[in-house]
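Trainee: Sequence:
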Amino acid sequence: MAEMDRRRFFGVTGAAVATSALALQHDEAASAVDPSDDQSDESAAQRAVVVSAVSEVRSLDPALAVDTETERVCRQVFETLIGIERETGNIAPLLAADWEISDDQLTYTFELQEGVTFQDGSELTAEVVVANIERWSRLDEIYGDEVLESTVPLAFASVFGGFIGDDACVLESAEAEDERTVVLTLREPVVFLLQALTLPAFGIVSAEALSGDSDRVSESPVGTGAFQLVSAEDGEIVLRAFEEYWNGSPEVEQVTVRSLPRSFDRLRELQRGTLDVYEYVTRDNLRTLVQSGRMFLQRDPFSVLYLGFNLDHPVMSDPLVREAIARAVDRGSLVRNHFLEGTRTAHQFIPAALGVHSEEALRYSMHLEEAERLLQESDYDGEELPFYYPMNATRSYLPLPEAIFASIARDLTRVGLNVAPRPVPWNDGYVDRLLADEDRAMHLLGRNGGYRSPHSFFGPLFSSVTAEFNYDNEDVRELIHQARSETDDESRDDLYREAAELIAEDIPALPLAYPISGLALGQNIVNYPFSPVLHELYRDIVPQ
Numbered sequence: 001m002a003e004m005d006r007r008r009f010f011g012v013t014g015a016a017v018a019t020s021a022l023a024l025q026h027d028e029a030a031s032a033v034d035p036s037d038d039q040s041d042e043s044a045a046q047r048a049v050v051v052s053a054v055s056e057v058r059s060l061d062p063a064l065a066v067d068t069e070t071e072r073v074c075r076q077v078f079e080t081l082i083g084i085e086r087e088t089g090n091i092a093p094l095l096a097a098d099w100e101i102s103d104d105q106l107t108y109t110f111e112l113q114e115g116v117t118f119q120d121g122s123e124l125t126a127e128v129v130v131a132n133i134e135r136w137s138r139l140d141e142i143y144g145d146e147v148l149e150s151t152v153p154l155a156f157a158s159v160f161g162g163f164i165g166d167d168a169c170v171l172e173s174a175e176a177e178d179e180r181t182v183v184l185t186l187r188e189p190v191v192f193l194l195q196a197l198t199l200p201a202f203g204i205v206s207a208e209a210l211s212g213d214s215d216r217v218s219e220s221p222v223g224t225g226a227f228q229l230v231s232a233e234d235g236e237i238v239l240r241a242f243e244e245y246w247n248g249s250p251e252v253e254q255v256t257v258r259s260l261p262r263s264f265d266r267l268r269e270l271q272r273g274t275l276d277v278y279e280y281v282t283r284d285n286l287r288t289l290v291q292s293g294r295m296f297l298q299r300d301p302f303s304v305l306y307l308g309f310n311l312d313h314p315v316m317s318d319p320l321v322r323e324a325i326a327r328a329v330d331r332g333s334l335v336r337n338h339f340l341e342g343t344r345t346a347h348q349f350i351p352a353a354l355g356v357h358s359e360e361a362l363r364y365s366m367h368l369e370e371a372e373r374l375l376q377e378s379d380y381d382g383e384e385l386p387f388y389y390p391m392n393a394t395r396s397y398l399p400l401p402e403a404i405f406a407s408i409a410r411d412l413t414r415v416g417l418n419v420a421p422r423p424v425p426w427n428d429g430y431v432d433r434l435l436a437d438e439d440r441a442m443h444l445l446g447r448n449g450g451y452r453s454p455h456s457f458f459g460p461l462f463s464s465v466t467a468e469f470n471y472d473n474e475d476v477r478e479l480i481h482q483a484r485s486e487t488d489d490e491s492r493d494d495l496y497r498e499a500a501e502l503i504a505e506d507i508p509a510l511p512l513a514y515p516i517s518g519l520a521l522g523q524n525i526v527n528y529p530f531s532p533v534l535h536e537l538y539r540d541i542v543p544q
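Here UniProt numbering is used: the first residue of the sequence shown is 1, the next is one more, and so on.
These are calculated hints, taken from the structure and not from any lab test. C-beta atoms are modelled at their ideal positions from N, C-alpha and C, and glycine is treated no differently. Fair warning: there could be bad hints in the mix.
Here are the in silico distance ranges between beta carbons for each label pair [what the hints assert, rightly or not]:
hint : residue 1 : residue 2 : range
1    : E243      : R86       : 17 to 25 Å
2    : R414      : P529      : 43 to 51 Å
3    : G293      : D379      : 54 to 62 Å
4    : V542      : Q271      : 16 to 24 Å
5    : A403      : R86       : 31 to 39 Å
6    : A406      : G121      : 49 to 57 Å
7    : E208      : D428      : 29 to 37 Å
8    : S317      : N247      : 48 to 56 Å
9    : D379      : A467      : 22 to 30 Å
10   : S378      : A436      : 23 to 31 Å
11   : E243      : E402      : 24 to 32 Å
12   : D437      : D178      : 50 to 58 Å
13   : Q376      : A403      : 25 to 33 Å
14   : S211      : R410      : 48 to 56 Å
All chains should be built: construct the whole structure from the sequences, respecting the hints.
Mentor: Dropping the structure here:
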């Protein structure tokens with residue numbers, strides 16, 4: 001996309017900093033303490049926490065959240081209708097105190113909590129919720145198809161099948177029945193809708209923030225969450241506890257989210273005591289953390305790393321070449337050498353925990369002689385194959401990108417493929433740049449599951465033709481759409497398995513691993529609310 005469009009779509013502007021800084025000044029004046037009171041100063045310091053991020057936040061408009069670091073911050077400022085119970089991972093009331101679903105699963109009636117206010121003092125009402133839903137449904141009009149096609153699919157289109165007006169969109173209407181009642185009507189059932197509504201992309205924004213131009217939400221992010229924005233600049237976001245928060249006071253007063261892309265930098269700052277939460281511990285740093293007695297928390301695997309193929313590339317359009325690559329990659333060595341213990345090799349795109357693995361789907365185990373034979377049968381003649389991978393980045397699914405690229409590139413080169421490295425720093429728009437390059441052949445990327453449904457993986461990746469893979473299989477799309485509406489559990493699982501079998505046969509991308517991710521805590525933190533789906537609320541952090 002053009003640079004101007006990128007700023008428009010993802011920008012966090014100075015207006016947000018200025019607006020929130022005024023709010024902070026007001027808060028500080030209201031809660032000032034005597035500077036000579038050393039005990040109060042010490043208490044305030046203990047209630048301030050510094051958390052590492054692995055990349056900069058791309059936007060403070062939750063509806064545009066497509067990466068985990070943006071989602072992490074948006075979760076603190078904005079809240080969704082449906083929450084997640086911390087102990088079990090089940091859905092739970094949040095802004096919706098209760099809900100009813102009609103027998104045909106086409107009508108959802110949400111009763112809102114009473115007495116909830118936004119950070120600008122306005123009240124949560126059904127009309128505000130409906131205005132948010134209507135905005136989500138028109139993001140294609142607001143930002144334009146050209147801009148949206150240059151990024152990975154947004155949550156609304158993935159969950160509802162498209163934007164309002166699209167033939168595939170299953171949302172019929174959203175209405176405010178009274179001040180506290182929202183009625184959502186669908187054309188077809190969406191069996192995982194309540195789980196999907198826990199995504200940060202469905203965070204509710206105040207009416208004032210919704211008014212004006214399309215950038216206003218990002219410029220003045222105002223939600224009902226436990227924290228409000230103070231500043232966002234130079235790779236650092238400062239959040240302050242919202243004093244009027246409706247659901248209990250956080251135990252920490254201020255959280256600074258500091259972007260530290262390199263794992264070594266996060267380790268160093270944790271050891272120095274300037275960082276309280278070291279996110280995404282990498283294998284090469286784990287021993288140092290254990291030896292120094294740091295608390296290490298490990299998440300259950302709920303993400304997938306894959307090697308993506310551009311099927312519009314003249315070489316990658318050949319299924320023989322894609323299978324040769326699948327036969328060349330040594331997944332076992334990759335996992336043993338570059339991931340935390342507990343990571344498993346992946347042959348399908350949905351983690352085993354969701355119970356829809358197909359025993360019939362093709363598995364491409366490493367077989368170098370077979371890979372070489374397939375290349376000889378193909379039309380490949382030594383052409384250069386541009387291979388994108390991120391630099392200076394750690395993701396939940398990609399802990400050591402440079403090392404993982406080097407391992408895969410070595411595997412591909414030894415069977416006769418001509419790999420051309422295309423390294424791009426993550427913060428320089430890695431995803432945007434690979435999607436914009438029509439000549440790319442391969443890329444490294446992955447997906448963290450946002451909610452416990454196979455659609456959390458299959459929906460964004462394969463339910464439509466995307467710029468990432470340019471994969472066009474109508475049968476796969478139809479199976480995923482059928483599964484979205486199938487109310488019988490066994491029948492739905494069978495549909496996902498059938499889709500997995502077709503995807504494995506076509507190989508639009510090669511699943512590599514189901515990574516384990518983890519974090520380490522500094523001495524000032526007693527407990528941190530870690531979660532496989534990264535639903536981690538800073539209001540639940542327990543300081544020393």
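Trainee: Going through the earlier hints one by one, which of them does the structure break, listed in rising order?
Mentor: Going through the list in order, the structure violates hint 11 alone and respects the others.
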